[in-house]
Amino acid sequence: MARYILGRLLSAIPTLFLIVTISFFLIRIAPGGPFDLERPLEAKVMENLARIYQLDKPLWQQYLLYLKSLASGDFGPSFYFRDFTINELFAEGLPISIQLGSSALVLALIVGGAMGVLAALRQNRPADYSIMAAATIGVTIPNFVVAPLLTLLLGVWLGWLPVGGWNNGAARNMILPIVTLALPQIAVVARLTRGSMIEALRSNHVRTARAYGLSGYSVVVVHALRGALLPVVSYLGPAAAALLTGSVVVETIFGIPGIGRYFVQGALNRDYTLVMGTVVVVAVFVIVFNLIVDLVYALLDPRVRYD
Amino acid sequence: MFTVMRTGLLAAALIASTALTASAEVVYHRGNTADPETLDQHKTSTIYEANVLRDLYEGLTTANAKGETVPGVAESWMISDDGLVYTFKLRADAKWSNGDPVTAGDFVYSLQRIMNPETGAKYANILFPIKNAEKVNKSEAKTEELGVKAIDDHTLEITLEAPTPYFIDLLAHQTGLPVHPASVEKYGAEFVKPENIVSNGAFVLKEFVPNSHIKVTKNENFHDAADVKIDTVMFYPTEDRGAALRRFQAGEIHSNNDAPVEQVKFMRETLGDQFRVAPYLGTYYYALNHKDEALSNPDVRQALSMAVDREFLAEEIWGGTMVPGYSMVPPGIGNYGEPAYADYKDLSQIDREEKAADLLKAAGFGADHPLKLELRYNTSENHKNTAVAIADMWKPLGVEVSLVNTDTATHYALLRDKGDFDVARAGWIGDYSDPQNFLFLVESDNPGFNYANYNNPDYDKLMDEAAATTDLEKRASILKHAEEIFMRDLPFLPLLYYGSISLVSSKLHGWEDNLQNIHPSRYMSIAQ
Chain A
1 MARYILGRLL SAIPTLFLIV TISFFLIRIA PGGPFDLERP LEAKVMENLA
51 RIYQLDKPLW QQYLLYLKSL ASGDFGPSFY FRDFTINELF AEGLPISIQL
101 GSSALVLALI VGGAMGVLAA LRQNRPADYS IMAAATIGVT IPNFVVAPLL
151 TLLLGVWLGW LPVGGWNNGA ARNMILPIVT LALPQIAVVA RLTRGSMIEA
201 LRSNHVRTAR AYGLSGYSVV VVHALRGALL PVVSYLGPAA AALLTGSVVV
251 ETIFGIPGIG RYFVQGALNR DYTLVMGTVV VVAVFVIVFN LIVDLVYALL
301 DPRVRYD
Chain B
1 MFTVMRTGLL AAALIASTAL TASAEVVYHR GNTADPETLD QHKTSTIYEA
51 NVLRDLYEGL TTANAKGETV PGVAESWMIS DDGLVYTFKL RADAKWSNGD
101 PVTAGDFVYS LQRIMNPETG AKYANILFPI KNAEKVNKSE AKTEELGVKA
151 IDDHTLEITL EAPTPYFIDL LAHQTGLPVH PASVEKYGAE FVKPENIVSN
201 GAFVLKEFVP NSHIKVTKNE NFHDAADVKI DTVMFYPTED RGAALRRFQA
251 GEIHSNNDAP VEQVKFMRET LGDQFRVAPY LGTYYYALNH KDEALSNPDV
301 RQALSMAVDR EFLAEEIWGG TMVPGYSMVP PGIGNYGEPA YADYKDLSQI
351 DREEKAADLL KAAGFGADHP LKLELRYNTS ENHKNTAVAI ADMWKPLGVE
401 VSLVNTDTAT HYALLRDKGD FDVARAGWIG DYSDPQNFLF LVESDNPGFN
451 YANYNNPDYD KLMDEAAATT DLEKRASILK HAEEIFMRDL PFLPLLYYGS
501 ISLVSSKLHG WEDNLQNIHP SRYMSIAQ
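Those sequence lines, one after another, are chains A and B.
For what it's worth, full-length UniProt numbering labels the leading residue of the first sequence as 1, then goes sequentially.
For what it's worth, full-length UniProt numbering labels the leading residue of the second sequence as 1, then goes sequentially.
Don't read these hints as lab results, they were simulated from the structure.
You may find that some hints are simply not true.
Stated by the list, open to error - The calculated label-pair distances, taken between Cβ atoms and stated as ranges, are: (1) B:K66 <-> A:Y235: 35 to 43 Å; (2) B:K135 <-> A:L152: 51 to 59 Å; (3) A:L9 <-> B:E220: 50 to 58 Å; (4) A:L152 <-> B:E465: 39 to 47 Å; (5) A:L65 <-> B:P194: 26 to 34 Å; (6) A:L10 <-> B:A24: 42 to 50 Å; (7) B:T379 <-> A:I137: 24 to 32 Å.
Stated by the list, open to error - What the simulated footprint calls covered on chain A by chain B, stretch by stretch (three residues with Cβ under 8 Å from a Cβ of chain B suffice, anywhere in the stretch; the number is not a length): (8) 26 to 33; (9) 157 to 168; (10) 202 to 211; (11) 254 to 261; (12) 268 to 275.
In this text, a Cβ means the ideal position worked out from N, Cα and C, and glycines have one as well.
Produce the complete structure using the sequences and hints provided.
Next up, the structure:
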């Protein structure tokens, strides 16, 4: 098992390298640079800025310099947030995104999973229909609609919860962002669980378990659900990577200092190092979570072995 | 001898008012467009950066609640007869937040620093009126040669290249704010960090968390601290204007310097006086590329201008938050008088359109031989709506417009690099209240701003003449003549004067609408 994990991690290095290389050159194709403002700069000032940020060097040299600093864990200075390095920005923002994302993930798994199981057990009955209708709505309404509606209702009209702001991570400020992040995930998890649960309930091993006279709980939870979770897990891998690295929409609407916004801010401001930093972080998360998914497979499905 | 003597009387008067409310901490929650790129005043260029820096630092001159320039660290000044030498007397009680006195040497250091090309100051050129500033900034002279000299700790002498009537206003701009030399020497670029920063304004920096907030607290060493009623200001970046409105409605922020224009009706109805629109020192315009063959014909440019229904744009597209614009220089500006309006300002829209159609026809364009134009704008819902509306207004004249939308960086990079375009959206907010700050945009030796590639020696000559004129009335009439030429030649097509839109809670006192939209927190108070 350890050998397998090590092998996977090693094989991730060329993948990462490729991602870094492609993104490095892609972002440079975008017209304009980090210092193009509505107010143009004096040529001399532009020259000095370029020198300070090493943009005056040939592109291949910049690329090698970036790789070198990246290898030592240094993402470089931000071109837009000039008082911060990318490492400082991530040190501040990433824990916040992870905290919100993981809470949303757990919420989605518990609520969505329970809804899916319930729907499967009550297949083609009113409970099933209403859960699936709710799930369809959950998937189709985008979060930039849900978030303002929730804040209007619970923040502005009822005054129960704050409309925005992080407030140093106060629980009250986290509720709405977590719910907004979790809603579409709940819907997807519910649909996936329902589908695979219906299949599992009809499968031979569950029928056998029933025939042996096992209790309903044991049949559903131990025998059916375990197998039924496989598609959910494979969905949750990439979904978790996306959730934990923050959401532009949710962070902007609720005024949360996570790293989700940096993707867009970096791209729009031509903050090359910030874009590269977010790309690397997201790539690492995707790689790690795909590995975790494969490991969880082995736990859930006895047929999967990594020896 | 032409002398200006102004003394700060404010400080002495209100020392007794300190013991009013000793109880709860007064926190002003303030929405502010976006996060600063940096809090290093010399490297900033935007309005939302100025809003924070104005609270942290005080320049030689500063702004009062009405946005007017008043004495700051300098309590008085004298101007030589030729208008070239300014001698500032610094107030004795001006202190840095660590207790150090603010000296003339600090300003010498700061002005040399911003001009030093090594600093990479984006907006150094605004201070080019100072003697040798441009040369220093272009590495053609040593920093010591800059026309700024400390006579003693409390006397500062600044020599200018040419008489500059707006120089006193200029010093209140964020580029004129001092840095604490010892901190800059000790920490380098890190001097802006909350743990290192030393400032001389009404507030000091405590926290800067990007995308969350900037927290500043009252500076007890500020010479007018007795008068500052706010203990803490929390600045929030409010990029999402809809979200900012909801936070305002919920009472989480006391003010925001923008609001969703598409909800103007709703805001007027529900917020009443808390929704504010005030004239603003800015012009929204379209640059017309004079290198384009069709657009090089002045009649074509005039026709395009006449056919735009500016009232419709201001009312329907911008919800009354902008004002129809018939001149490049916005009305109400200092050192000027009435701007030079387009001569069709008082014609009805129908008459204008008729005239425009005639002009274009005479130029050889019409339904069977359409004038094809590419109109470029940077991403924004209202820029798009404006462009669509204008394309529609031009259509009956036989103008076929294709719209091209790009993000802001791409848009301005194309204009800067003299890329190929016909018509491009742009806007200009004045840095100081003087017509020169609008008319210099299209001088032929100003390639960075002269998107139109306008080149008129007569215009340049008038601008040079104005720069050398000390008599304010005479100068105003020269500049007005220049603007008349501008309106005849139309390098830019002025469309609207900006309005400033703000949400201001009825609990927040001391926010006074003004042309420059400057609102220092030190003059505000909050009713509990």
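Now for the hints, and whether the structure bears them out:
1. B:K66 <-> A:Y235: 35 to 43 Å: Once the Cβ atoms are compared, 59 Å apart, the range 35 to 43 Å for Y235 of chain A and K66 of chain B is violated.
2. B:K135 <-> A:L152: 51 to 59 Å: holds (57 Å)
3. A:L9 <-> B:E220: 50 to 58 Å: holds (54 Å)
4. A:L152 <-> B:E465: 39 to 47 Å: violated (58 Å)
5. A:L65 <-> B:P194: 26 to 34 Å: With a Cβ separation near 30 Å, L65 of chain A and P194 of chain B satisfy 26 to 34 Å, so the hint holds.
6. A:L10 <-> B:A24: 42 to 50 Å: violated (59 Å)
7. B:T379 <-> A:I137: 24 to 32 Å: holds (31 Å)
8. 26 to 33: Satisfied; 4 residues make the cut.
9. 157 to 168: holds (count 6)
10. 202 to 211: With 0 residues closer than 8 Å to chain B, the region 202 to 211 of chain A misses the three-residue bar; violated.
11. 254 to 261: Holds: 6 residues of the region 254 to 261 of chain A have a Cβ under 8 Å from chain B.
12. 268 to 275: holds (count 3)
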